[in-house]
Amino acid sequence: MESKIAYLNAELAAVAEREKKREEKERKREEEIAVAKEVKSKRNILPPCPDSSDENDKSDKESEGDENGTSDKESESD
Numbered sequence: 001m002e003s004k005i006a007y008l009n010a011e012l013a014a015v016a017e018r019e020k021k022r023e024e025k026e027r028k029r030e031e032e033i034a035v036a037k038e039v040k041s042k043r044n045i046l047p048p049c050p051d052s053s054d055e056n057d058k059s060d061k062e063s064e065g066d067e068n069g070t071s072d073k074e075s076e077s078d
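Residues 1 to 78, numbered by the UniProt record's numbering, are exactly what the sequence shown covers, in order.
Bear in mind the hints are in silico, worked out from the structure with no lab data behind them.
Hints are supplied without guarantee of correctness; some may be wrong.
[Unchecked claim] Straight-line Cα separation of at most 25 Å, SDA-like style, residue types lysine to any residue; simulated pairs:
#1 Lys-28 x Lys-40
#2 Lys-40 x Pro-50
#3 Lys-37 x Glu-26
#4 Lys-20 x Ser-41
#5 Lys-25 x Leu-12
#6 Lys-28 x Arg-43
#7 Lys-20 x Leu-8
#8 Lys-28 x Ser-41
#9 Lys-25 x Ser-3
#10 Lys-4 x Ala-14
#11 Lys-20 x Asn-9
#12 Lys-25 x Ile-5
#13 Lys-21 x Lys-40
#14 Lys-37 x Arg-18
#15 Lys-21 x Ser-41
#16 Lys-42 x Glu-32
#17 Lys-42 x Glu-31
#18 Lys-25 x Ala-36
#19 Lys-25 x Ala-6
#20 Lys-20 x Ile-33
#21 Lys-28 x Glu-17
#22 Lys-4 x Val-15
#23 Lys-20 x Val-39
#24 Lys-25 x Lys-4
#25 Lys-42 x Arg-29
#26 Lys-20 x Ala-6
#27 Lys-21 x Glu-32
#28 Lys-28 x Lys-42
#29 Lys-40 x Glu-30
#30 Lys-28 x Arg-18
#31 Lys-21 x Val-35
#32 Lys-4 x Glu-26
[To be verified] Label-pair restraints from in silico Cβ distances:
#33 Tyr-7 x Glu-31: 33 to 43 Å
#34 Glu-19 x Asp-51: 45 to 55 Å
#35 Val-35 x Met-1: 29 to 39 Å
None of these values were measured; they are calculated from a predicted model.
Glycine is no exception: its CB is placed at the ideal position from the N, C-alpha and C atoms.
Using the sequences and the hints, build the whole thing.
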């Protein structure tokens, strides 16, 4: 009878340890999900990069036109 009690106590301790590990893994997973959601929401809140503003697009188009015109003249003279 005593050996049965010792066996059941050992099983109970093993089950408690497995449950503790499972809860710890679940908590870590929930933390990772929360961090991922926070990163995603910050990404949605941040303003667009200044490089992609309309003013820069206009100046880029103007400079591209100049470069293309210059390169056409250079190729004609060759």
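Each hint, compared with the structure:
Between Lys-28 and Lys-40 the alpha-carbon distance is near 18 Å, which keeps this suggested pair within the 25 Å criterion. As the CA atoms of Lys-40 and Pro-50 are separated by approximately 20 Å, the hinted pair is consistent with the 25 Å bound. A C-alpha spacing of about 17 Å is found between Lys-37 and Glu-26, which places the hinted pair at or below 25 Å, so the restraint holds. The straight-line distance between the Cα atoms of Lys-20 and Ser-41 is roughly 32 Å, outside the 25 Å bound, and the hint therefore fails.
Proximity of Lys-25 to Leu-12 is assessed by CA-CA distance (about 20 Å); at most 25 Å being required, the pair is judged to hold. About 23 Å separates the Cα atoms of Lys-28 and Arg-43, which keeps this hinted pair within 25 Å; it holds. Under the criterion of a C-alpha separation no larger than 25 Å, the hint pairing Lys-20 with Leu-8 is consistent with the structure, at around 18 Å. As the CA atoms of Lys-28 and Ser-41 are separated by approximately 20 Å, the hinted pair is consistent with the 25 Å bound.
With a C-alpha separation of about 33 Å, the suggested pair Lys-25 and Ser-3 falls outside the 25 Å cut-off, and the hint is violated. For the given pair, Lys-4 sits about 15 Å from Ala-14 by alpha-carbon distance, which is consistent with the 25 Å threshold. With a C-alpha separation of about 16 Å, the suggested pair Lys-20 and Asn-9 falls inside the 25 Å cut-off, and the hint holds. About 30 Å separates the Cα atoms of Lys-25 and Ile-5, which puts this hinted pair outside 25 Å; it is violated.
Restraint check for Lys-21 and Lys-40: the C-alpha separation of about 29 Å exceeds 25 Å, so the hint is violated. At most 25 Å may separate the alpha-carbon atoms for a hinted pair to count; Lys-37 and Arg-18 exceed this at roughly 29 Å. A C-alpha spacing of about 30 Å is found between Lys-21 and Ser-41, which places the hinted pair above 25 Å, so the restraint is violated. About 15 Å separates the Cα atoms of Lys-42 and Glu-32, which keeps this hinted pair within 25 Å; it holds.
About 17 Å separates the Cα atoms of Lys-42 and Glu-31, which keeps this hinted pair within 25 Å; it holds. Taken as a hint, the Lys-25 and Ala-36 pair is honoured in the structure, with Cα atoms around 17 Å apart against an allowance of 25 Å. Of the pairs offered as hints, the one joining Lys-25 and Ala-6 is violated, with about 29 Å between alpha carbons and a cut-off of 25 Å exceeded. Of the supplied pair hints, the one linking Lys-20 and Ile-33 holds, its CA atoms being roughly 20 Å apart against a limit of 25 Å.
As the CA atoms of Lys-28 and Glu-17 are separated by approximately 17 Å, the hinted pair is consistent with the 25 Å bound. Our distance criterion of 25 Å between C-alpha atoms is met by Lys-4 and Val-15, whose separation comes to about 16 Å. Between Lys-20 and Val-39, the direct Cα distance comes to roughly 29 Å. Violation of the 25 Å bound is thereby established for this hinted pair. Restraint check: the Cα-Cα separation between Lys-25 and Lys-4 comes to about 32 Å, which exceeds 25 Å; the hinted pair is violated.
At most 25 Å may separate the alpha-carbon atoms for a hinted pair to count; Lys-42 and Arg-29 meet this at roughly 20 Å. Under the criterion of a C-alpha separation no larger than 25 Å, the hint pairing Lys-20 with Ala-6 is consistent with the structure, at around 21 Å. The straight-line distance between the Cα atoms of Lys-21 and Glu-32 is roughly 17 Å, inside the 25 Å bound, and the hint therefore holds. Between Lys-28 and Lys-42 the alpha-carbon distance is near 21 Å, which keeps this suggested pair within the 25 Å criterion.
Annotation: proposed proximity of Lys-40 to Glu-30 holds, straight-line Cα distance about 15 Å (limit 25 Å). Our distance criterion of 25 Å between C-alpha atoms is met by Lys-28 and Arg-18, whose separation comes to about 15 Å. The suggested pairing of Lys-21 with Val-35 holds, with an alpha-carbon distance near 21 Å, which does not exceed 25 Å. Of the supplied pair hints, the one linking Lys-4 and Glu-26 is violated, its CA atoms being roughly 33 Å apart against a limit of 25 Å.
Between Tyr-7 and Glu-31 the beta carbon distance is about 37 Å. The supplied range of 33 to 43 Å therefore holds. Separation of Glu-19 from Asp-51 is about 52 Å and conforms to the stated range, judged on CB atoms against 45 to 55 Å. At about 51 Å, the CB distance of Val-35 to Met-1 disagrees with the hint of 29 to 39 Å.
Figure legend: structure checked against the earlier numbered hints; hints not met, in rising order: 4, 9, 12, 13, 14, 15, 19, 23, 24, 32, 35.
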